[in-house]
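Engineer: What follows is the residue order along each chain.
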Amino acid sequence: MIALLLTVFTPLAGMLLLGALRSARVAGWLNLALCALSLAGALGLAADVLAHGAVAGDSFRVDALSVYLVVLTAFVGLTTAIFSRPYMRYVHEEKRVSRGGLRLYHSMYQGFLFTMLLALTTDNLGILWVAVEGATLATVLLVSLYRTPAAIEAAWKYFILCGVGIAQALFGTVALYFAAQHALPDAAADGLSWSALYAVAPQLEPRVMSVAFVFLLVGYGTKVGLVPLHSWLPDAHSEGPTPMSAVLSGLLLNVALYAVVRMKMLTDAALAHSAAPALAGHLLMGFGLVSFLVAAVSLQRRRDIKRLFSYSSIEHMGLMTFGFGVGGPLATFAALLHMLVHALTKSAIFITVGHATHISRSQRIDRIRGLIRTQPAVGWGLLIGVAAIAGFPPFGIFTSEFLLLSATMRAWPWLTIPLMVGLVVAFAGLFRSVQPMVFGAAPPGQYPVRANMLPVILQLALVLLLGIALPGLLAHWLDQATQLITGRHLL
Amino acid sequence: MNPAAMPLLDQAVLVLAAMALFTAFALLAQTRLTAAIHTFAWQGALVAAVAALTGRASGDAHLYVSALITLALKVVLIPWMLHRLVRRLALERQADPLQHPALTLLAGAGIVVFSDWVAEPVAHFDLSATRNVIAISLAIVLLGMLMMVVRRQAVAQVLGFMAMENGLFLAAVASTHGMPLVVELGVAFDVLVAMVLFGVFFLQIKNSIDSLDIDRLSQLAEPVEDDARGDAP
Chain A
1 MIALLLTVFT PLAGMLLLGA LRSARVAGWL NLALCALSLA GALGLAADVL AHGAVAGDSF
61 RVDALSVYLV VLTAFVGLTT AIFSRPYMRY VHEEKRVSRG GLRLYHSMYQ GFLFTMLLAL
121 TTDNLGILWV AVEGATLATV LLVSLYRTPA AIEAAWKYFI LCGVGIAQAL FGTVALYFAA
181 QHALPDAAAD GLSWSALYAV APQLEPRVMS VAFVFLLVGY GTKVGLVPLH SWLPDAHSEG
241 PTPMSAVLSG LLLNVALYAV VRMKMLTDAA LAHSAAPALA GHLLMGFGLV SFLVAAVSLQ
301 RRRDIKRLFS YSSIEHMGLM TFGFGVGGPL ATFAALLHML VHALTKSAIF ITVGHATHIS
361 RSQRIDRIRG LIRTQPAVGW GLLIGVAAIA GFPPFGIFTS EFLLLSATMR AWPWLTIPLM
421 VGLVVAFAGL FRSVQPMVFG AAPPGQYPVR ANMLPVILQL ALVLLLGIAL PGLLAHWLDQ
481 ATQLITGRHL L
Chain B
1001 MNPAAMPLLD QAVLVLAAMA LFTAFALLAQ TRLTAAIHTF AWQGALVAAV AALTGRASGD
1061 AHLYVSALIT LALKVVLIPW MLHRLVRRLA LERQADPLQH PALTLLAGAG IVVFSDWVAE
1121 PVAHFDLSAT RNVIAISLAI VLLGMLMMVV RRQAVAQVLG FMAMENGLFL AAVASTHGMP
1181 LVVELGVAFD VLVAMVLFGV FFLQIKNSID SLDIDRLSQL AEPVEDDARG DAP
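These protein sequence lines map, in sequence, to chains A and B.
Position 383, counted from 1, in the first sequence is what the working numbering calls 383; the numbers after and before it change by one each time, with no gaps.
Throughout, the working numbering is defined as the position within the second sequence, counted from one, plus 1000.
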């Protein structure tokens, strides 16, 4: 319990502390220290959950599924904080962000982490909604941090679209609570408690549950970046500060998908004996596949490097959604693994992109040239990161995509064809843009910048390790989460 | 279902909810910002009254608290903040006519029919009054969404957003006698923060493009993307 409190409430304290702190230099370090503290708590929590099963109490509940995302969130939060300290100072020195803006940035960075961790650890579906909405509120001012018209437009779009989406999710939550009142004896006390609902899920009214699920999927799906409600994502990623893009892609999308998966578990149990038992799964497969294909096509001929990689995020989120939709232990295991490796790889890529845009002083792909000549570390980082995200063999994404494809082959053989085509198209789109950025002739007067590649190396090494040999501990861990979602073990 | 056979309190709830639906249509068609803000305040008052009446009918004390929160937030605080912003940005006299009023209102009517159809499974529980209020609240939510789509004025979009919140609150009150208090407080807090952020945004938008017409915010449409934005890492 202490580990849980340490994990979740360190960022909350950090948000208040950094909001009051004036010194920008200290704020960067403090931000880092708070993230480290939160990660320590998360690791303690994970050890606890793995040894003794779910930790529950006081409307908190952490089981194998959530604790794995808690550790991932805290970890990516820490590595991005390592990157953001010098990065934001550089941005500040360039006079693109005022001192007050920097304070807002640090405070809201912690605020964002707090909402993410709260969403993952709470048992109450209402609090989950409040936390996910809170994540939008915490990040929206960061998207407009640079105050350019484009940034303000992106933030407005993000705010409005996610606000509308999340309102649908609240309606779904109300419908769920309505269904709960007719199944639970003491609905006022625990009508929104996920574990209480899951225990009585077969008695929840199936038709109300299917309506609720549709609203919840549309609502949280907006945050996952599912097509057709994805248009906020490339804008918010490209206009916000780069550390924000890293955590949005690496964490927010995952947490929204986590909410969808939790709802799917309830809906599946409630619909088990109805006319359409796999409704939730089919909806997820449909949305996932369409998002995947649309994003793969959109990856072609991008002109902004951060937009390029945000479309790649949509593509991968679509793939995971599809995996959870297929269901069954193998596909679920693959989707869980994919969540992990995608978050690590994508945040590493965004960190590298941050350095690359400093070198070339532009986000336009046709102005970023010859990275490997100018600064080999950044060039190699980008190249390896893209190889990993495109699904090249030694990396973890290859493993998860391979598992997902074989699960699809077993359950829906024909759907492997669009999946394969999409992967090839996405690969082509990524490499056509990345190849000249890395290898092209460097324009004169382009100099290396001070770059700390430690987070990138660490994350890509982890992804490589996960691709070569999945450690037994982690495999067991993911297997427990799979068992929780599907009711069956894979291993 | 025969409305006259229902208890008086249920009938009153139904009438108030129907009036809230009417205000949603009024919001949709209202071109003057100040009048739209007043309409929004009326909608909030109606929803708060529904909450209080439901509390009276069911004896749930916490519904009175929710009604008070709604009254404070949606009837007093948010309209007041919007008024101040409108005055500060000198928008009182600005009219924002709808492009296709007939089409928009027809779409609104379609939404009401659709909501009635979606709320149908609830009839399974044999709660006819509840079912109608749920259909109405869903219609209010979707009308708010429609308003955000068809209006180009930032303040009007915010009103649509807040009207959606009203519809959600009505749904929670009517179907489940309100969400647990923790959740309701959280939602109210989120709405309040959202309102403050909207205010910040109005000023930022006004400063950067000198207008609150959202149509001007279209630089991020892909073709012109590059020419418009130079070197912004």
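Read the hints as simulated data drawn from the structure, not as lab findings.
It cannot be assumed that every hint is accurate.
Stated by the list, open to error - Only part of the chain B face toward chain A is listed, based on derived beta-carbon distances under 10 Å:
{"no.": "1", "residue": "1100"}
{"no.": "2", "residue": "1138"}
{"no.": "3", "residue": "1164"}
{"no.": "4", "residue": "1175"}
{"no.": "5", "residue": "1186"}
{"no.": "6", "residue": "1200"}
As the list claims (entries may be wrong) - Beta-carbon label-pair distances, calculated as ranges:
{"no.": "7", "chain 1": "A", "residue 1": "445", "chain 2": "B", "residue 2": "1192", "range": "26 to 32 Å"}
{"no.": "8", "chain 1": "B", "residue 1": "1076", "chain 2": "A", "residue 2": "392", "range": "56 to 62 Å"}
{"no.": "9", "chain 1": "A", "residue 1": "436", "chain 2": "B", "residue 2": "1101", "range": "47 to 53 Å"}
{"no.": "10", "chain 1": "B", "residue 1": "1192", "chain 2": "A", "residue 2": "86", "range": "33 to 39 Å"}
As the list claims (entries may be wrong) - Per the computed footprint, the stretches of chain A lying under chain B, defined by three or more beta-carbons under 8 Å from a beta-carbon of chain B, are:
{"no.": "11", "segment": "140–146"}
{"no.": "12", "segment": "161–173"}
{"no.": "13", "segment": "470–479"}
Predicted model, so just to flag it, every value in this text is computed and none were measured.
The beta-carbon is built from N, C-alpha and C at its ideal position, and this holds for glycine as well.
Engineer: Against each hint, give a clear statement of whether it holds in the structure.
Structural biologist: Now the hints, each set against the structure:
Among the interface hints, the one on residue 1100/B is violated; its C-beta lies about 21 Å from the nearest C-beta in chain A, farther than the 10 Å criterion. Taking 10 Å as the C-beta cut-off, the interface hint given for residue 1138/B holds, the closest approach to chain A being about 7 Å. Hint status for residue 1164/B: holds, given a least beta-carbon distance of 5 Å to chain A, under 10 Å. For the restraint placing residue 1175/B at the interface with chain A, the shortest Cβ-Cβ distance is roughly 4 Å, inside the 10 Å limit, so the hint holds.
Evaluation of the residue 1186/B hint against chain A yields a held restraint, the C-beta minimum of about 3 Å falling below 10 Å. The closest approach between the C-beta of residue 1200/B and any C-beta of chain A is roughly 7 Å, which is under the 10 Å cut-off, so the hint is satisfied. A hinted range of 26 to 32 Å is violated for the C-beta pair residue 445/A and residue 1192/B, which are about 50 Å apart. Our hint of 56 to 62 Å for residue 1076/B and residue 392/A holds, since their Cβ atoms are close to 59 Å apart.
In this structure, residue 436/A and residue 1101/B meet the distance hint of 47 to 53 Å, their C-beta atoms being roughly 51 Å apart. At about 35 Å, the CB distance of residue 1192/B to residue 86/A agrees with the hint of 33 to 39 Å. With 4 residues bearing a CB less than 8 Å from a CB of chain B, the segment 140–146 of chain A meets the requirement of three and the coverage assertion stands. Evaluation of the coverage hint for the segment 161–173 of chain A: fulfilled, as 7 residues show C-beta separations to chain B shorter than 8 Å, against a requirement of three.
Closer than 8 Å: that is the beta-carbon criterion, and the segment 470–479 of chain A has 0 residues meeting it against chain B, so the requirement of 3 is violated.
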